[in-house]
Amino acid sequence: MILVDLYTENYIGELEAVLVEMNWSDQIIYELKLFQADFNSIVDWIPYNETSHSENLVRILNLDLKWGADFSQVTRLQEFYDQLVMIENDYNSEDAEVYHAIKDICWSTLQHNNRLFIKINS
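Using the working numbering, you'd call the opening residue of the sequence shown number 550 and step up by one each time.
Bear in mind the hints are in silico, worked out from the structure with no lab data behind them. A portion of the hints provided could be inaccurate.
As the list claims (entries may be wrong) - Mimicking DSSO-like on lysine-lysine, the simulated pairs with C-alpha atoms at most 27 Å apart in a straight line are:
#	residue 1	residue 2
1	Lys652	Lys582
2	Lys652	Lys668
3	Lys582	Lys615
4	Lys615	Lys652
5	Lys582	Lys668
6	Lys615	Lys668
Stated by the list, open to error - Cβ pair distances, simulated, as ranges:
#	residue 1	residue 2	range
7	Asp575	Ser642	36 to 46 Å
8	Asp631	Gly562	11 to 21 Å
9	Ser574	Glu599	32 to 42 Å
10	Asp653	Trp616	16 to 26 Å
11	Met550	Thr600	32 to 42 Å
Quick caveat: nothing in here was measured; it's all calculated off a predicted structure. We treat Cβ as the ideally placed atom computed from N, Cα and C, and that holds for glycine.
I would like the entire structure built from these sequences, with the hints used as guidance.
If you want it as structure tokens, here you go:
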């Protein structure tokens, strides 16, 4: 299992976001731990479109404050990954490590035909 922990060293006790790549046998392949505000800062760079598909991750995060309280599957992962690629030159440079970590776990999940789950403490 790959573990990328951008949370524990600097943010222990603060709100956390956890992204998990899981195979179809429910084994965790890749886990990414982030400070929730860092995750939000990347997602906030993606333009919000209220007419997006109802399962669009950015739309869900803007409309459903309880989404991700337990591990929730990202059903439109390719779309989310494409949105991340679209903002590659836009996010703040101090967020580069977080941006690349999120993009990497999405890419890995897509390449291995696995599932991505997100849990956000709120």
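Worksheet item: Within 11 to 21 Å or not, the Cβ separation of aspartate 631 and glycine 562?
Response: 34 Å Cβ-Cβ, so the 11 to 21 Å window is violated.
Worksheet item: Is it true that the C-beta distance of aspartate 653 to tryptophan 616 lies inside 16 to 26 Å, as the hint says?
Response: Taking Cβ atoms as reference, aspartate 653 and tryptophan 616 lie about 23 Å apart, which means the hint holds.
Item to complete: Could you check the hint for me, namely that methionine 550 and threonine 600 are 32 to 42 Å apart, CB to CB?
Response: Distance hint for methionine 550, threonine 600 holds at roughly 38 Å.
Item to complete: With respect to the beta-carbon atoms only, verify the hint that aspartate 575 and serine 642 lie 36 to 46 Å apart.
Response: 37 Å, holds
Practice prompt. Take a quick look at whether lysine 652 and lysine 582 sit within 27 Å of each other, Cα to Cα.
Written response: 13 Å, holds
Worksheet item: Under the criterion that the straight-line Cα-Cα distance not exceed 27 Å, is the pair lysine 582, lysine 615 satisfied?
Response: 19 Å, holds
Worksheet entry | Hinted pair lysine 615 and lysine 652, Cα distance within 27 Å | It holds: about 23 Å lies between the C-alpha atoms, which stays within 27 Å.
Worksheet item: When you check the alpha-carbon spacing of lysine 652 and lysine 668, does it fall within 27 Å?
Response: 16 Å, holds
Item to complete: Could you see if the CB distance from serine 574 to glutamate 599 stays within 32 to 42 Å?
Response: 37 Å, holds
Worksheet item: Taken at face value, is the distance from the CA of lysine 668 to the CA of lysine 582 at most 27 Å?
Response: 10 Å, holds
Worksheet item: Is the hinted pair lysine 615 and lysine 668 satisfied, with a Cα-Cα distance of at most 27 Å?
Response: 10 Å, holds
Checked against the numbered hints listed earlier, the structure breaks hint 8 alone; every other hint is satisfied.
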